[in-house]
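Start from the sequences, fold in the hints, and give me the full structure.
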Amino acid sequence: MLDNYFPILVFVLVGLAFGCVPILLGWLIAPNRPDSEKLSAFECGFAPFEDARMKFDVRYYLIAILFILFDLEIAFLFPWAAIFKEIVNTEAVKMFGFVEMFVFIGILVVGYVYAWAKGALDWE
Amino acid sequence: MEAIVLPFVEGLLGPLWPAVKPVWPLVWTLVKIVLILSPLLLSVAYLTFWERKVIGWMQVRIGPNRVGPWGLLQPIADGLKLFFKEVLFPTAADKKLFVLGPVMAIAPALAAWAVIPFSPGWVLANVDAGVLYLLAISSVGVYGIIVAGWASNSKYPFFGAMRASAQMISYEVSMGLGLITVLMVSNSLNLTEIVGAQSKGQFAGWGLGVFSWNWLPLLPMFAVYLISGVAETNRAPFDVVEGESEIVAGHMVEYSGMAFAMFFLAEYANMILISAMTSIFFLGGWLSPFGFLQQIPLVGVAFSNGFHWMAFKMAAILFFFLWIRATFPRYRYDQIMRLGWKVFVPLTLVWILVVGVWMMTPLTIWK
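Going down the list, the protein sequences come from chains A and B. Under my numbering, the first residue of the first sequence is numbered 1124, with each subsequent residue one higher. Under my numbering, the first residue of the second sequence is numbered 7, with each subsequent residue one higher.
Label-pair ranges, simulated between beta-carbon atoms:
1. A/1238 with B/325: 32 to 40 Å
2. A/1180 with B/307: 54 to 62 Å
3. A/1166 with B/325: 36 to 44 Å
4. A/1212 with B/299: 32 to 40 Å
5. A/1213 with B/21: 57 to 65 Å
6. B/251 with A/1154: 27 to 35 Å
7. A/1166 with B/83: 27 to 35 Å
8. A/1155 with B/360: 54 to 62 Å
9. B/66 with A/1212: 50 to 58 Å
10. B/303 with A/1230: 58 to 66 Å
11. B/299 with A/1225: 39 to 47 Å
12. B/226 with A/1234: 22 to 30 Å
13. B/30 with A/1217: 45 to 53 Å
14. A/1177 with B/325: 34 to 42 Å
Just so you know, the hints here were simulated from the structure itself, not pulled from any lab data. Idealized CB from N, CA, C, for every residue including glycine.
Put into structure tokens, the structure is as follows:
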């Protein structure tokens, strides 16, 4: 069972190696003549002013929190969706399996509507 | 295929075989990975060339035509050029994270191919949680951009990273919700079985498979998935992440040489990945659209199921990517976020309900 996942592990390692090796080779082969102008931050020709790590809009943060909620929801929906056909074909759990998940989605929709009404999804 | 290669390798190595035997599974896996990666990287190279040609033609230009016949050696010249360009590490940058950024962008873009089936049995790892793996590994790609933008310690990369993180996670939600309906009708998380589920149905029985694939009954989800795929790869018209007229090149501003090339490769590998995933989830993967034409002598072979149909569908979706880049102006950021959160999320939630009710009634087409 877990044997199936071994090629994936190898592939991830190959992917990482594929990222590192060309950068290393490029660094070794290509000319290397840095100077202070070349190594300064690019700001369209002006000398960089202020720190680049400045305050940013709180909405990016809000979106990230909403994403976590929705992504968790998707993670819960996946196993249900993968056996939904079996739920439908089993008379005993047919209605229960259907209604239960939509109650779950409904609870999330209440939160979603609240976020929308509060303006968390607006970018004006 | 292993059964054919194995005796040959055993004969070739002779007395050395016992030494190789314990690591043989690893060697064989590496061989298969090379067999997947080399056509993929060749496709990436020629996708960049094809993009420049297609956009050139659409704008009544010629496109690259100087290097080699019809400009065919252009991507190789580009690659060699990048190889001999200086790799800069800006003074203000966090060096370790600065290198980690491009590596984290390219590694998931390649590793995702481990579970993609190209034809029946042509898959490196036929795992039952294929869809979960794809969703998980494609989420890692966004970290590469965020890490790169943060490590550069420069304003444009920082803005690019902020925009990228919010945009990519927003469209991941609509992609994931759109996939739920596919899973509901496929009854599996295994990519090979998802394609298999599309080969059943009334039309498939008549040899008209094209009407049995998921795109038709799940048409709104197909549209959502395709558009989200464009937004997820930061392609035009959703390319505010690297919008060159506002923030120059976003997270890639401070990168040069091969470090820049890694982001470039990752973007195009991700485009090809999205096209492969769309083909598998909605367009029946390697299934033939007009199976009944198989009875025609000689040309009928082209209408049997096989890898050529998968390749054709991927090429068509990639052409769509290039087409809309040449056609549409860039979206404003607030419009992008509105489309993702206020249009796609409600639409997908409603369609999950629609498909759920549809499958509950006797009218269901998925038995």
